[in-house]
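Protein chains: 2
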Amino acid sequence: MKGFSKLTQGLLGQPMLDILTNVCALEAAGKKVYRFEVGDANIDPYPHVINATKEALDAGHIKYVDSLGILPLREAVCGYTERKLGFRPAVSQVAVMPANSVIDFVMRCVVNPGEEVIFSDPGFAVYIAVASYLGIKAVKVPVREENEFRLNPEELLSRITDKTRLIIITSPQNPTGGVMTEAEMLRVAEIAREKDIYLLSDEIYAENLYDCRHYSPAVVDQCRERTIILSGFSKGHSMSGWRLGYAIGPADLIAKMGQMFETVYTCVPPFIQYAGISALNTPAELMAERISRYKKLRDLMVEKLNEIPGITCSIPKGAIYVFPNITGTGLTSKEFAQLVLEKAGVAVVPGSCFGENGEGYVRLCYVRDEAMITEACAAMKIALTARG
Amino acid sequence: MKGFSKLTQGLLGQPMLDILTNVCALEAAGKKVYRFEVGDANIDPYPHVINATKEALDAGHIKYVDSLGILPLREAVCGYTERKLGFRPAVSQVAVMPANSVIDFVMRCVVNPGEEVIFSDPGFAVYIAVASYLGIKAVKVPVREENEFRLNPEELLSRITDKTRLIIITSPQNPTGGVMTEAEMLRVAEIAREKDIYLLSDEIYAENLYDCRHYSPAVVDQCRERTIILSGFSKGHSMSGWRLGYAIGPADLIAKMGQMFETVYTCVPPFIQYAGISALNTPAELMAERISRYKKLRDLMVEKLNEIPGITCSIPKGAIYVFPNITGTGLTSKEFAQLVLEKAGVAVVPGSCFGENGEGYVRLCYVRDEAMITEACAAMKIALTARG
Chain A
202 MKGFSKLTQG LLGQPMLDIL TNVCALEAAG KKVYRFEVGD ANIDPYPHVI NATKEALDAG
262 HIKYVDSLGI LPLREAVCGY TERKLGFRPA VSQVAVMPAN SVIDFVMRCV VNPGEEVIFS
322 DPGFAVYIAV ASYLGIKAVK VPVREENEFR LNPEELLSRI TDKTRLIIIT SPQNPTGGVM
382 TEAEMLRVAE IAREKDIYLL SDEIYAENLY DCRHYSPAVV DQCRERTIIL SGFSKGHSMS
442 GWRLGYAIGP ADLIAKMGQM FETVYTCVPP FIQYAGISAL NTPAELMAER ISRYKKLRDL
502 MVEKLNEIPG ITCSIPKGAI YVFPNITGTG LTSKEFAQLV LEKAGVAVVP GSCFGENGEG
562 YVRLCYVRDE AMITEACAAM KIALTARG
Chain B
202 MKGFSKLTQG LLGQPMLDIL TNVCALEAAG KKVYRFEVGD ANIDPYPHVI NATKEALDAG
262 HIKYVDSLGI LPLREAVCGY TERKLGFRPA VSQVAVMPAN SVIDFVMRCV VNPGEEVIFS
322 DPGFAVYIAV ASYLGIKAVK VPVREENEFR LNPEELLSRI TDKTRLIIIT SPQNPTGGVM
382 TEAEMLRVAE IAREKDIYLL SDEIYAENLY DCRHYSPAVV DQCRERTIIL SGFSKGHSMS
442 GWRLGYAIGP ADLIAKMGQM FETVYTCVPP FIQYAGISAL NTPAELMAER ISRYKKLRDL
502 MVEKLNEIPG ITCSIPKGAI YVFPNITGTG LTSKEFAQLV LEKAGVAVVP GSCFGENGEG
562 YVRLCYVRDE AMITEACAAM KIALTARG
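So the sequence lines, in the order shown, correspond to chains A and B.
Start counting the first sequence at 202; every next residue gets the next number (this note's numbering).
Start counting the second sequence at 202; every next residue gets the next number (this note's numbering).
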């Protein structure tokens, strides 16, 4: 008899679906909505990236290619890693695929249903969603505002059991913007080594850092033993629509992930991969200029949010989000999100969508026009003041 | 302790990997190889498709979009289905994703590990690979040359058990080129209805038909109850590098597949989806012209293969392959493939890669230059004759 599989019971609805449905309804009714909920820069990619995509189409890069990625992109990733982290992985350690697929494939290749994966709370909603649909137990490590939203390695250690198969570490972090120190990262690497557990280092925001450096636990084993770097082009290069990312990891695991990707996807379109090469060759001054634009927007957003009664917002060191504390309003994060959407036309994500420790916070992506930030914060201030 | 999951044990190596490794070694050594093993036309897509991709990039269709696909493409798929099959699905019945992902997602959403899926033998290697890695039992229905490689619905019926959750039917078929009759298709639909089982109709080659019509079992329930149509742009529109396909099915199942795609992939790049709209709007005379080119190549390939002692090749009615019987050579299909690669520089796929009933046959994709077909067949003839 037909019916859905058990697996479908673990498929989560998009946790911010309620908000999104309301946003769409308001927009359909002709109302203007200031949208800060989507984790995407309101800035286009560099023209050279778009041109590289078009040139690859013209050059005939339009047929099946190796499921692990085209050789020139894999080599470019090796070179980029060497420049950024000081070690050069072998090409056989690199697989080209969307960043979300890396999360899914790593979990499926190293964790059985019923076993455990550890990550931070609040944390990226896709970790939660993937673990849920695979029947893997998600063990959470709280990250707290008083520790600048950095994961404490000793708290991580205390949660490891004989069922732990994978640790996910995220720096800079989504949704909080927290950035791990070098000492903390090395300690996480040490813990993974001592406990003999795989370590997925989600470095998707490694280019989104302000006045501090990016540290990766991968420097310890150079991704040869247990560390898998996840990165991609959506955040650092504003290329969300390309769906292009990569994994760097132990060659035997990368080979398994490649077999899986070949089976369910064949390959990433080659003309998209050429865009990735172009992005990795972006001149440093262009990257620096973009980061300084982002920083101005971050600072403006933090300043304006802190002018609103009941809200306190610390300055995040990385990523593309602010994660203000809204407990002073007396509202839950979901109530807050509903109120500012209805009364101020501002769309934000309730912190509770990222785990129970996100309660009392909301997430806003600040890579928007300055005017939009100013207007939205003014509207929120009025809405929240009127309420009291 | 770290180690791979149980799931990885079911990941199959690419069944034609031995051949491909040898092909690459020969090419690296500077030897010319006539490559007929890849299931891809040696013909570019229409210029309007490439232009549509570039125009979408210029128009800024470069951000996240709905995981089920952009509305204009989903509507175009509804319109195309109405023109081709006589019924118009609702937009909520359409999900845009790569064709291989449709196979993976349908199996995962309706079949539990240990339950059964039925498909033909020989059959598409991805059905075998997906069932294997998911721990799903693949139940095979032999398709035979004496029945023009059409699946016999009564043989299908006899293999249904109380564990059967999904039937996959493929017409035109890969690797044989067999095309089901209308009566057979309606009988398959009836069996699925009577037994209350999902039916995945793989129609990826529906545009690759010669002097006969395409019949879909979906006309019975209009994809509202149990039938899922799988289609895409790689074969009919020579757009393999775009990785663009779609599913049409019951809205509740499509919603589950969309949640899964959102979790592990987010969405298909929007500029790629615009290329799909352009492809669906290809003028009928252009499509007809291309099919007549394909037919000439098919006929040439069949003629030349039949001139080789030990080979008999029937004329396939659809798809882009010939599947000659090579038992007259006294070789297994793997031995044959190795011999013609080594002695004639011709790459073909052993029929045994598609299941045990493929033994005694090899697959060649004939959408190549005429000269390449003639030269390769001449070289095979010499190599096989010299041997005896």
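Just so you know, not all the hints are guaranteed correct.
[As the list claims (entries may be wrong)] Okay, the calculated beta carbon distance ranges per label pair:
(1) B:Lys338 <-> A:Leu387: 55 to 63 Å
(2) B:Lys544 <-> A:Asn252: 44 to 52 Å
(3) B:Lys544 <-> A:Glu283: 26 to 34 Å
(4) B:Leu272 <-> A:Lys285: 19 to 27 Å
(5) B:Tyr265 <-> A:Ala260: 21 to 29 Å
(6) B:Asp453 <-> A:Lys233: 47 to 55 Å
(7) B:Glu557 <-> A:Val420: 45 to 53 Å
(8) B:Asp453 <-> A:Ser359: 39 to 47 Å
(9) A:Val239 <-> B:Lys544: 52 to 60 Å
(10) A:Arg494 <-> B:Asp259: 39 to 47 Å
(11) B:Asn252 <-> A:Asn223: 54 to 62 Å
Rather than coming from a laboratory, the hints here were simulated on the basis of the structure.
On a predicted model such as this, the values are computed, not experimentally measured, just so you know.
Yeah, the Cβ is synthetic: ideal placement off N, Cα and C, and Gly gets one too.
Do the hints match the structure? See the list:
A hinted range of 55 to 63 Å for the beta carbons of B:Lys338 and A:Leu387 is inconsistent with their spacing of about 47 Å. Checked against the hint of 44 to 52 Å, the pair B:Lys544 and A:Asn252 passes, with Cβ atoms roughly 46 Å apart. Between B:Lys544 and A:Glu283 the CB atoms are about 44 Å apart, so this pair departs from the stated range of 26 to 34 Å. Between B:Leu272 and A:Lys285 the beta carbon distance is about 39 Å. The supplied range of 19 to 27 Å is therefore violated.
Taking the beta carbon of each, B:Tyr265 and A:Ala260 are about 27 Å apart, inside 21 to 29 Å as hinted. Between B:Asp453 and A:Lys233 the beta carbons are some 34 Å apart, a value that contradicts the proposed interval 47 to 55 Å. Checked against the given bound of 45 to 53 Å, the beta carbons of B:Glu557 and A:Val420, roughly 50 Å apart, stay inside it. Against the hinted window of 39 to 47 Å, the Cβ-Cβ separation of B:Asp453 and A:Ser359 comes to about 42 Å, which satisfies the hint.
For the pair A:Val239 and B:Lys544, the supplied restraint of 52 to 60 Å holds, since their beta-carbon distance comes to about 59 Å. Range check, A:Arg494 to B:Asp259: Cβ separation about 23 Å, and the 39 to 47 Å hint is violated. A C-beta distance of roughly 38 Å is found between B:Asn252 and A:Asn223, which places it outside the suggested range of 54 to 62 Å.
Checked against the numbered hints above, the structure breaks hints 1, 3, 4, 6, 10, 11 and satisfies the rest.
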